[in-house]
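Here is how the chains run, residue by residue.
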Amino acid sequence: MTTEDPDDRALWSQAAGGSAHAFGVLFDRHAKAVYNHCFRLTASWAEAEDHLQATFLLAWRKRADVRLERDSALPWLLTVATNVVRNGQRSLTRRLRNLRRVGEEPPVPDHADQVAERLDDQRRMAELLKAVEKLPRNEREALALCVWSEVSYADAAAVLGITEGSVRARVSKAKSKLQQHRELVHTGEDR
Amino acid sequence: MTSMLPPTRDLPPGRHTQIRAELERAVGRRRSRLTVPILAAAAAVFTVAVSVVLLRPGPLDPTPLVQITTSPSPTSASGDFGVPPETVAEIEKGCAEAGGAGKATLRQLVLEEPRFALLYADDVALRCEIGVGAGGYVVGSSKGDMRWLPGHFSVEEGRDVPGGDAVPAPKPGDAGRRALRQVVGRVDEKVARVTLSADDQVVDAKVVNGTYVARIYYPPTWRFSVNDPAPVVRAYDAAGNLLGSSDTSWRTCYQNPQTGELVGSVRQKPTDQCQPAVPWK
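Protein chains in written order, with the working numbering: chain C, 1 to 191; chain F, 1 to 281.
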């Protein structure tokens, strides 16, 4: 983003007023982060695409009800994405929509390596998710939000509607329970 | 932040633009929708063609007409695909190679464009588009133990392909290509009829060799929206009794009675309520 680009709050305000273009700019800005967040929750790149789309559709529907308290819309979008993934996993609709993608994607020359890498990603992520699935949901989602997607505790607290201390506590509990999987919880420095 | 987490990746080529275009269209579309069936027709002994015209007004959705066509067939199994045996062998070889599978058996062949073959081996289902791609075959595969069914039927694929005149950056040859909704899967021997419900329409699938394929065609300008309700597959016995429906069957889990492994389930763990899977061949 250059200094001339409008910040998320300005774009969100325009989107709330009905600007599809402003909403499209928000999508351009945050799609990749939401896409990768959804992947880390599902271990499926295909599902992540669907959840990405569903997340932004849900965000559009809620645009009039939400006022951004922070500079970036990303923490809130990641929270919406988390809910979309959680709800989507209970529905066959999800499975049907996942399978649609096969024929829609245009052929990409020499993409075998990309496919292999993504399949490897999925295998690795599925193994990682097995390690964290025993955590309570709130701890698991706090871990994904603050550690894997690197949202600050303050931003996470704002979008989750809880105190920063509670977010820290959830992440801390998750970390302590995953001591044997230190690579999952290493954050460098707290934000 | 960690060496074990898979790396951050971009969306696949073209998908960012495609999803953004879809979003902008969806958020700009007026939600009112009139659905007016104008034409429905005609059947022969083994073929029924249904054409329906829908009117979908909207300032950003100028597509006025939708044609829906399907070609159901009798429910009996048949080894006659309407092509010479050497063509069947060629398709089986080409699709298996493109799908990275060993030998797979052709179960369904759709000769209407886009040509499509459905093949199975014990451990994989191959959904094969014919006459496309560099090698003439483009294959999507579903891995699993295909000797078992999660109930009376499975849904191997539910796919929406936008029309050739609706994609933001059409490829050469896309112009004029119809949009397509397709659902394929397997059925057990009790299933006599399979229907696909979508866009306020119900069409019959072609049920052959323990498999089914249902298609709905739309004009080349048609795009699908994630706002649309998901299509529903329903299976019936010969007496017309409903055996299962895809919008409710996900609630039930099925286990291979020999190994205890889940059948047709992506994430569920076995529960006390799981039912035995149904043999398929």
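Simulated from the structure, these hints should not be mistaken for lab results. Misleading hints may appear alongside valid ones.
[Stated by the list, open to error] List time: in silico SDA-like cross-link candidates among lysine to any residue, alpha-carbon distance up to 25 Å:
#1 C/K62 with F/R25
#2 F/K143 with C/E117
#3 C/K32 with F/R25
#4 C/K130 with F/C274
#5 F/K143 with C/A43
#6 C/K130 with F/M4
#7 C/K175 with C/Q122
#8 F/K143 with C/L119
[Stated by the list, open to error] Partial list, computed: chain C residues near chain F (C-beta under 8 Å):
#9 L52
#10 R86
#11 M125
#12 W148
[Unchecked claim] In silico contact screen, one side only, chain C against chain F (beta carbon under 8 Å); selected entries:
#13 G24
#14 F27
#15 D28
#16 A31
#17 K32
#18 E49
#19 Q53
#20 F56
#21 L57
#22 A64
#23 D121
#24 L128
#25 Y153
#26 K175
Heads up, the beta-carbon is just placed ideally off N, CA and C, and yes, glycines get one too.
Hints versus structure:
1. C/K62 with F/R25: 17 Å, holds
2. F/K143 with C/E117: 18 Å, holds
3. C/K32 with F/R25: 20 Å, holds
4. C/K130 with F/C274: At roughly 21 Å apart (the allowed maximum being 25 Å), F/C274 and C/K130 satisfy the hint.
5. F/K143 with C/A43: 16 Å, holds
6. C/K130 with F/M4: At roughly 14 Å apart (the allowed maximum being 25 Å), F/M4 and C/K130 satisfy the hint.
7. C/K175 with C/Q122: Distance of about 23 Å is within 25 Å: holds.
8. F/K143 with C/L119: 13 Å, holds
9. L52: 7 Å, holds
10. R86: 12 Å, violated
11. M125: Holds, about 5 Å.
12. W148: With a minimum Cβ separation of about 6 Å from chain F (threshold 8 Å), the hint on C/W148 holds.
13. G24: Since the shortest Cβ distance to chain F is 5 Å, the answer is holds.
14. F27: Interface hint status for C/F27: holds (5 Å vs cutoff 8 Å).
15. D28: 7 Å, holds
16. A31: 6 Å, holds
17. K32: Hint on C/K32: holds, closest Cβ of chain F at ~6 Å, below 8 Å.
18. E49: 6 Å, holds
19. Q53: 5 Å, holds
20. F56: 5 Å, holds
21. L57: Holds: closest Cβ of chain F sits about 6 Å from C/L57, inside 8 Å.
22. A64: Violated, because the Cβ-Cβ distance from C/A64 to chain F comes to roughly 12 Å (cut-off 8 Å).
23. D121: Where the cut-off is 8 Å and the nearest Cβ of chain F is about 4 Å from C/D121, the hint holds.
24. L128: 7 Å, holds
25. Y153: With a closest approach of 15 Å, the C/Y153 hint is violated.
26. K175: 12 Å, violated
Hint compliance for this structure: hints 10, 22, 25, 26 are broken, all remaining hints hold.
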